[in-house]
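Asker: Turn these sequences into a full structure, and let the hints guide you.
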Amino acid sequence: MIKTVKQACRFNPVIQDYRMSQGIENLADLITDAGDGSEFFSRNFVTHGMEQLFREGMLRLSGKSDQAVFELTQAMGGGKTHMMIALGLLAKHAHLRPDVLPEDLNNRLDFGNARIAAFNGRNNPDNYIWGEIATQLGAAEEIKDYLLNCAQN
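Residue numbers 1 to 153, in the numbering used here, belong to the letters of the sequence shown in order.
Hints were generated in silico from the structure; no laboratory data involved.
Note that beta-carbon positions come from the ideal geometry of N, C-alpha and C, so glycine has one too.
It cannot be assumed that every hint is accurate.
With beta-carbon atoms standing in for the labels, derived distance ranges [to be verified]: (1) F111 with I2: 37 to 47 angstroms; (2) A68 with R43: 25 to 35 angstroms; (3) Y146 with D104: 36 to 46 angstroms.
Pairs of lysine-lysine, DSSO-like flavour, derived with a Cα cap of 30 angstroms [unchecked claim]: (4) K92 with K80; (5) K64 with K80; (6) K144 with K92; (7) K92 with K64.
Answerer: Written out as structure tokens, the structure is:
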């Protein structure tokens, strides 16, 4: 006999002690958080939409896709930040991929841990958006002269 939803599902114990702030993901945490993303994926279900983004994004990072722009069209609260964090974690931590990505996709990827940058549009860094991204990627010195020109104009 087929189980009912109530019989088949269990509540995660964390929902009994839920605080609203725990449910809101912050893109900047992708850069600053300790850990490797295992906890993130242990509490999340990979949807079909996430899997599509992972497939296209990871193939692009592996040099096997020309698609470089991905439009996330969910409404407010629809999971856009969540999806960007998930893709960033998979790019940053190669050891997570076998447990999260389909085997056929994982077998096609030929890059290790990627360096990533995250920018929140609500921030207003002194070194502008490109300076902030360069800093996160360890390349601030390489664009320093360009940033000085921007500041003088």
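Asker: Work down the list of hints and note, for each, if the structure agrees.
Answerer: Status of the hints after comparison with the structure:
1. F111 with I2: 37 to 47 angstroms: Check passed, 43 angstroms falls within 37 to 47 angstroms.
2. A68 with R43: 25 to 35 angstroms: Holds, at about 30 angstroms.
3. Y146 with D104: 36 to 46 angstroms: holds, 42 angstroms
4. K92 with K80: With a Cα-Cα distance of about 18 angstroms, the restraint between K92 and K80 holds, given a limit of 30 angstroms.
5. K64 with K80: holds, 24 angstroms
6. K144 with K92: holds, 25 angstroms
7. K92 with K64: Given that 30 angstroms is the threshold and the Cα spacing comes to 18 angstroms, the pair holds.
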